[in-house]
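Protein chains: 2
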Amino acid sequence: MKIKYELIGNDGRARLGKLHTNHGTFDTPMFMPVGTLATVKTLTPEELKEVHSGIILSNTYHLWLRPGEDIVAKAGGLHKFMNYDGPILTDSGGFQVFSLAKKKDIIEDGVYFKSHIDGKKLFLTPEKSIEIQNKLDSDIAMSFDECIPYPADYEYAKASTERTLRWAKRGKDAFNNENQSLFGIVQGGEYPDLRKWSAEETVKLGFDGYSIGGTSVGEGKDVMYKMIDDAIKYLPEDKPRYLMGVGEPADILEGIERGIDMFDCVLPTRLARHGNAFTHTGKINLKNLKYREDFSPLDEECDCYTCKNYSKAYIRHLFVAKESLGGRLLSIHNIRFLIRLTEEIRESIKNGNFLEYKENFLNRYNNK
Amino acid sequence: MKIKYELIGNDGRARLGKLHTNHGTFDTPMFMPVGTLATVKTLTPEELKEVHSGIILSNTYHLWLRPGEDIVAKAGGLHKFMNYDGPILTDSGGFQVFSLAKKKDIIEDGVYFKSHIDGKKLFLTPEKSIEIQNKLDSDIAMSFDECIPYPADYEYAKASTERTLRWAKRGKDAFNNENQSLFGIVQGGEYPDLRKWSAEETVKLGFDGYSIGGTSVGEGKDVMYKMIDDAIKYLPEDKPRYLMGVGEPADILEGIERGIDMFDCVLPTRLARHGNAFTHTGKINLKNLKYREDFSPLDEECDCYTCKNYSKAYIRHLFVAKESLGGRLLSIHNIRFLIRLTEEIRESIKNGNFLEYKENFLNRYNNK
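Protein chains in written order, with the working numbering: chain Z, 453 to 820; chain X, 453 to 820.
Just chain Z, same shape as in the assembly:
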């Protein structure tokens, strides 16, 4: 069965909805924690449920290399392999090919590049990406695209966007998993006409949802928000919209204001590994000496396991002593922080005061 998006209400362009999948329904807007290698770093599936995570993302490129899609398929698919029975989205590998591989060669058929693990020469095509994802058996697969670097000149962006559309069609034709849904990806760089063309042509191919790609590649915030504006108005109301690689609270708010339903980012777990925590008054670093005797929780308002049970002083101690429980406790908190942000945003959309919520949240977060 394919996913089904249910639009429940709007507040301006912000959307409140539900996404029904074969592994359960979750509310949108939703933030997706990233489980790169079939594990959201340091956490168990039970902990992901405890923070009310509705769907997680896993990386096709990484699972292709380790353990290999055939082993995951033999285990009964990604859900069984990693013991997670909630919805899973897999990306296409496109972003990793462009971000991790130092030397790459893009041809019409696909991309030659070197493995980030052992330098082995690899070739990924739209068909191969879909074949891997079909085997992983995630709930939502993504089309293989080129993530255009920023800045890119118009001619390059145009040629790449056209190729991404041809790749999207090839991937859709190769797609063979009736229990999996497939999203198309809108590219077009920073050029409004290319974003419009990419959105319209991708929609014509007909996907189960649409992603706005090519963001979070070094462009400024305003450029990113404009990229969303230039694409989202051409996307259908009855399908979910996903902004890839975005996890900063301000960007989530700006995305939702523009009509985005789904976000993913490694930010909460990466911040956690380095001792950083989100709080309602901005990020803090637990390694800071000032937390040495601070026996209060990370964030007095947070309802997560970490905040209910541990002090800043203890978490600081774990980081100073290089104990891995520290990263685990911060991962729980940081993911919960973003999930709860989307919970509160959904409530504000329902109440018709999203913009007020956004302003209040950002004023506190930025200590204004």
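Simulated from the structure, these hints should not be mistaken for laboratory data. Do not take every clue at face value.
Which copy is meant is left open, because identical chains are indistinguishable; a pair holds if it fits in one copy or across any two.
Said to hold, decoys possible - Below are the EDC-like pairs computed for lysine to aspartate or glutamate, each with C-alpha atoms no more than 20 angstroms apart in a straight line:
no., residue 1, residue 2
1, K760, E499
2, K760, E498
3, K470, E709
4, K774, D570
5, K810, D479
6, K760, D537
These numbers were taken from a predicted model, which means no experiment stands behind them.
Keeping the supplied structure of chain Z fixed, place chain X upon it in accordance with the hints.
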């Protein structure tokens, strides 16, 4: 309130009992997981309870250096600091001084040595060790002793054992925490007359429990078992007996056969970090290629969270991909394995068939 040991039954010299503490009662014989730095590596207190861990051990030397006993005291003691409300035993620091410090200078007053972290010169005395432990506020504190290296000549062993007794008395005199109990430690090296003397004199001082020290320092198995035999017969029946640093299943069985009630060892968590798991048919290393497509649990008979939910193939993948969840899943399993071993041993003592259980267990474990 001090701890109270309740002897419930015997099977030969093997003892079945209960130890009542201010943080709950646990059955003996019991294996204690080690939480060196106020955390049993990778695990939460809830996970320790889920594996039915009755008491944990934490290291005075390590907590003295990081975060410092005064910070733990300000947090309200070790239980509150680490959010663990079950019984905790702290060691005295003696073993770490001798195992971690490269250069040391033992004088009558105490030990000069260098910090394993920054090489800073440190001085630990029996009084200081007790003062730190009083502040940590564990349920059971240990006397500061010298762990005699193996082999050691008779003259050295005798002089050291006599000094350890004087240190035990000094520690007892300095002890000042009415909610904490204090164990004495029997030394004496490999010499039966010194073990007897040390046991008798330590018992005369009057402690809440007794430990057999100076084992697991490179002596052979038979020597270790003899060290236990040479000491344990002089210990009172109404106090718990603790064999320090022992966690191999065979050694736990041999210790219990000789009347030991408590064991501790970093073995289950250290094995886990390196990809090793206990099973009923011996240890296995999950990094082995043969587990690549093995979708069975680590140990079909195990009732732990890991074995109920994950396959060898998945855990192998986590180790190959250097994902920390792997060490966490193996830590849960390995600790549960040893705790469950003691559960089964207690059942066998109750049923009067301990020796039969021991033989069956070891035959399978050693693949005989």
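Original post:
Against which earlier hints does the structure fall short, listed by number upward?
Top reply: Violated hints: none; all satisfied.
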